[in-house]
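Visitor: Here are the chains, one letter per residue:
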Amino acid sequence: MNTRSARNAQAPRRPRLAVWKFASCDGCQLSLLDCEDELLAVAEAVELAYFPEATSTVLPGPYDISLVEGSITTPHDRERIQQVRRQSKRLVTIGACATSGGIQALRNGRDVTEFARIVYARPEYIDTLATSTPIAAHVRVDHELRGCPIDKGQLLATLAALLHGRRPPLPSHSVCEACKRAGHVCVMVAHGTPCLGPVTQTGCGALCPGCARGCYGCFGPKETPNTAALSAHLAALGMDDAARRRLYQTFNAGAEAFRKAGDA
Amino acid sequence: MTTSRTRVIEVDTLARVEGEGALTLRVRGEQLLGVEFRIFEPPRFFEAFLRGRDFREVPDITARICGICPIAYMMGASQALEDVCGVTVDGTLRVLRRLIYCGEWIESHVLHMFLLHLPDFLGVPDAVALAATHREAVTQALRVKKLGNEIMRAVGGREIHPVNLQLGGFYRAPERSRLAALLPEIAWSEAALRHLLDVLAALHFPAFEVDYEFMALRHPDEYAIDRGEQLVTSTGIAAPLSGYDALLTENHVRHSTALQSRRADTGTPVHLGPLARVNLNRAQLPAELQVLAEALGLPPDCRNPFKAILARGIEVLYALGEARRLIEAYREPATPAVTVEPRAGTGFGATEAPRGICYHRYAIDAGGQVLDAKIVAPTSVNQRQIEADLYRFAATRLALPDAELRHDCEQLIRNYDPCISCSTHFLDLRIEREPG
Amino acid sequence: MSALPLPAGDALLWRPEPYRIERVRRDLADTFSLDLVPAGGGAPLAFRPGQFNMLYAFGLGEVPISISGDAEAGGPLVHTIRAVGPVTEAMRGLRAGAVLGVRGPFGSHWPVVEAEGMDLVIIAGGVGLAPLRPAIYYALRHRRRFGRVCIFYGARTPDDLLYKAELKRWRGEFDLVVDVTVDRASHDWAGKVGVVTRLVEGGGYDPLHTVALVCGPEVMMRYAARALLARGVAREGIFLSLERNMKCAVGLCGHCQLGPHFVCKDGPVFRLDQVERLLAVDEL
Amino acid sequence: MKRLTLDGLEALFAALRGQGFELIGPQLRDAALVLGPLEHAAELPVGWTDTAQDGGRYRLARRPDRAHFGYVVGPQSWKRYLFPPEEVLFRARRSGEGFALDPAEPPPRRAFIGVRACDLAAIQVQDRIFVHDPGYQARRAAAFIVAVNCTEAGGTCFCVSQDTGPQARGGFDLALTELCTDARHAFVAEAGSAAGAALLDALPGEAADAADLAAARDAIAHAAAHMGRRLDNAGLAEALRARLEHPHWQQVAERCLSCGNCTMVCPTCFCANVEDRASLDGDSAERVRSWDSCFNLEHSYIVGGNVRSSGAARYRQWLTHKLAHWHDQFGVSGCTGCGRCITWCPVGIDITAEAAALRAG
Ligand SMILES: Cc1cc2nc3c(=O)[nH]c(=O)nc-3n(C[C@H](O)[C@H](O)[C@H](O)COP(=O)(O)OP(=O)(O)OC[C@H]3O[C@@H](n4cnc5c(N)ncnc54)[C@H](O)[C@@H]3O)c2cc1C
Ligand code: SF4
Ligand code: SF4
Ligand code: SF4
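Protein chains in written order, with my numbering: chain P, 1 to 264; chain Y, 1 to 436; chain V, 1 to 284; chain D, 1 to 361.
Chain P on its own, in the form it takes in the complex (with noise of 0.2 Å):
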């Protein structure tokens, strides 16, 4: 308590972060503390208000930057996320759960009405909702960081610039490009690899090439994707229907041009 006091005499206008979890694997907060090198100095620069993964301290709103990781899956929770977009001046979705509904979103496609059937018969699990939704769908959202998990080089990036007022560096072009600048060798071209890269958003630093796999989507849709000519060539490289299905929607299978791409 002494220790916390202290750290607010010395800088008592420190912008106040709070990450918040909704349904998700933790990944994308853990993200923040997977930041050896910075996270001190992130600590000096914040006060984290808000972090139960990290800290027992619970300071009250309203919070200059909230983190949301997670998607909205039960009743509480919708209304939980209006309450932390009241308290939050910005409010940054991180990675794949909180900006598409994530691979919980697979839930998405069964029939409502059956699954509504089941669960009202099941009254102690009436607190399910039939559908796993982006924080998008509930409350303004100033900044999205995609992935499944985020790229920790985004999120520094991101709050550096949000101290700042710097725009958040979250260019929305394809992966193919940092595939190339990082030198990797095309696995669609090169090996006949299906790969999700033309289409997925850049910010992971094209690792699934990098490793000489084909890219699977967890960055989500780039702007404009061209999904139809995608699927085209996929086809001419020999996947069937329900293999480019599950390509599109495993992890951002909430995300409109996924969700359409897999189900065309």
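No lab work stands behind these hints: they were computed from the structure. These numbers were taken from a predicted model, which means no experiment stands behind them. Glycine residues also receive a C-beta, built at the ideal position from the N, C-alpha and C atoms.
If you only want the chain D side, here are some residues facing chain P, beta carbon under 8 Å, derived:
#	residue
1	V34
2	G56
3	R57
4	Y58
5	E254
6	R255
7	C259
8	V265
9	A278
10	S293
11	L297
12	T343
Listing some non-contacts, in silico: residues in chain Y with all C-beta distances to chain P over 12 Å:
#	residue
13	L32
14	H195
15	F208
16	I237
17	E250
18	A363
19	R397
Covered stretches of chain P, as calculated for chain D (at least 3 residues, CB under 8 Å):
#	region
20	36-48
21	156-164
22	168-175
23	195-205
24	218-226
25	229-243
Fit chains Y, V and D with the ligands to the supplied structure of chain P, relying on the hints for placement.
Guide: Chains Y, V and D with the ligands in isolation, oriented as in the chain P frame:
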């Protein structure tokens, strides 16, 4: 429910655990009426949507069960599916698997020991506050943690949800030079950790012992991490992996969204994790670490759950040494993976996640489509043990003011490093299994 | 090893020079002017009306901003900036004494010297008056070298009119036509309401001997050009200042291309016939 | 002209290393030929070829011989080294109210081994673009260029149409033509600069004789005669300028992924993003330039909207820039006929085919 004489102590959101949980103690006078350790992690239905997926996709999907220990889920799933297909990954590829698992142990254990658990012992809210008084220790711990992540990145491509793992091995075998470059940092970390362990040994551990039934994986030749051949318990049980379901059953309690496991026959809880491993597989630790454990205050058959932090420390030291040995032995393999052809059947896989046994069972058809999946996270096994511990522990300290009692109970829960985000499966699993 | 010789000064191509803010003027709620002088002393760089600088807010970013002061006064560099995004927002927060980086001046200029002997029609929309002000200063300074000089200025509302005091002063000049209009009037607005392109019909200039300088939103410029042409002003006498994304200002980043042109170095000021066809093509 | 043996080639490598150059050349990685540091001639893709290139398809194959340069171009060009994918333009620190820039760092001295005629032409194109760019010019001045004349052509090559190859015509320090037959394995070497001549003088080897020169000529002619693609440039620029609103742009847009691969692999494309970054405490900052692409929505961002939001507009920008507006801007075509954009387009969109379709339409 609350009468004037009933105290209700609530911890709405448990801090410094991965995922979301809560705790309720109901106390009347000097009498403990009830303990509820709740997990309200929203259900995510992994086992349901794994059905119909291609078996090759399973490791990447199960990784997403938990961002804290994705390797455990990827590796358990891989081994279970390889088991179905009659493939064993050996030689250099096995070396890489064990190596990346060591990375996960180092990262996860150090995170828990120094960033999440140590603050409890020292009465501060978090590692940042800790850094105000123990800056050196915190920075050193962060550096060791970083090494764990670097090992995972070097082998897996990234630390959280690595992209380079697949059935049969890897997509690309790391270059030897890249791994060898980690050796100096491993040496530094081993030395640093020994000092840090001294700090931990000097902590005050509440006098509290429980007659646990410990359970761990056992491998005939080594301290089980990424693989084991038997499930063993401190009561003398030794069963094959396929015997898991007969050994432990799960049931759903109203107050938690995670299933709780207990012994199928007796209904009693088991204790998984570092303390269980160090107790059960102690003989497979290098002699020097056995001596060190004793010296630190971790005698054989230690039953004080608060000393799990010491067991983690010993395991990190072990994982560092193991990583060093594995890297020194590493030669780039001819191919990064062995071929795994699908065949119909059921397979079992289990690994020692940082928090304890993580069990997988899959049935697939001849085309490789997943028919059924069962995944048991260590936290859902420990959950019942945690409640039992709380019951006993809290009962002895009811005289304490609420704040202190709450703190002590939270600390007790954190002994288990509960990773709630991974408590994957839920009673309404069957709902998802309905054709939709 | 057959590299071309590096022209003198190129070593500084990317490196901003520190300039100190000598004075800040709050022009409008979201618009302000900065007077800049070299932080290390010496004279501010020379420029020609219509040129722009890249202004750098330390660590935040760099944005193209036209020079809005008098090219011949030899005083500080004046920039008039509307806060629309992070960098310009940050600049709005700066006070006198703060330091900005400056690279420039860049780009083509208004043909004020070439226009001598002609009637001069200046058409501005919104903050587009800023890049035109140096041209106005030139015309005022050398008033006798021009025929009729008309300033047509439009803004969304009376509150969005830039340089109000100066406008008033210019309007007082007997040999200047200053005509101002707003899209939406407030209750105390006694002036004209309507789009600025309508003003082109008045002013009494001789279309056959007129040079028109136009700056404002791209649609407004297209309409203004059409109106000028309709009045009989020659294509070769109409000049527009364009805006495109710019990351370098020296033709290296590729962002500002409009067909064959780099707006940063071939523009921003173009003669209508250079760009007319290109501007008519959607999304070029 | 000198005839070098394999030992002579190795001696060339050694001599360049001895002069302090880092050698960069083609090598095998992940089933493709990429550029990277190398020390010895044996690290070249000896006995490999990559001429089987087509739209969206690249496959390596074994050659029957031990040719050291028996391939064409892989995904990477020398642009990587002269105009790198990411480059710090300056570093700065806050000082008082203002800031101070750190001095620029000297460029690395590199020898480029195996520069093909099309890529040599591309370097000359970028020389015109970056004529005032200090970083580029410094790296360019520090580079030693060993060109290699093509004796075979790839499936997507069309340097003959672009009049850039297959023979290197100037702009190199040394140029090699590999002669690899059952009878002999030699390299005909020609100096293109004083530095190249001095180096060549010091290498072991005999003067090339008439037979050598004839064999080299024939081998290059063989490549010229086997171009995988062609592009008819006559009147093309005018035709494109007149077809800015042609329906074919939309037709391409239906296939184009706007993934930007074509612009990344193109040795002349120069679009760049410039980004200012700063440390968490805001006390130090840097400006970073990185490869950008006209296929990106953000490329044409201005306050109020993106100028080119449709895929059709973006493809049109690229193609008309390459083949028409480049002439207006730099006096040359933006395309040297290397074929990379065809091969490395994931869906195989072919600049020669699209240009032909537009001209015909
Ligand atoms: C020649 C010229 C002269 C100008 N003169 C003036 C003037 O005198 N006064 C004035 O007020 N304005 C002027 N402008 C406009 C001014 O440059 C912009 O308003 C300014 O760049 C906005 O910067 P910002 O950071 O505040 O806003 P932002 O909109 O955030 O722009 C910041 C920078 O980032 C880039 N950027 C922003 N968002 C994106 C994105 N989504 N994708 C890619 N890049 C992005 C922009 O290109 C810009 O360089 C002029 C523009 C030009 C081209
Ligand atoms: S490997 Fe994938 S991401 Fe990389 S260039 Fe090819 S298609 Fe794009
Ligand atoms: S446009 Fe295509 S063929 Fe032409 S130089 Fe660029 S990459 Fe090579
Ligand atoms: S032409 Fe091909 S490489 Fe270029 S952006 Fe379109 S799809 Fe990508």
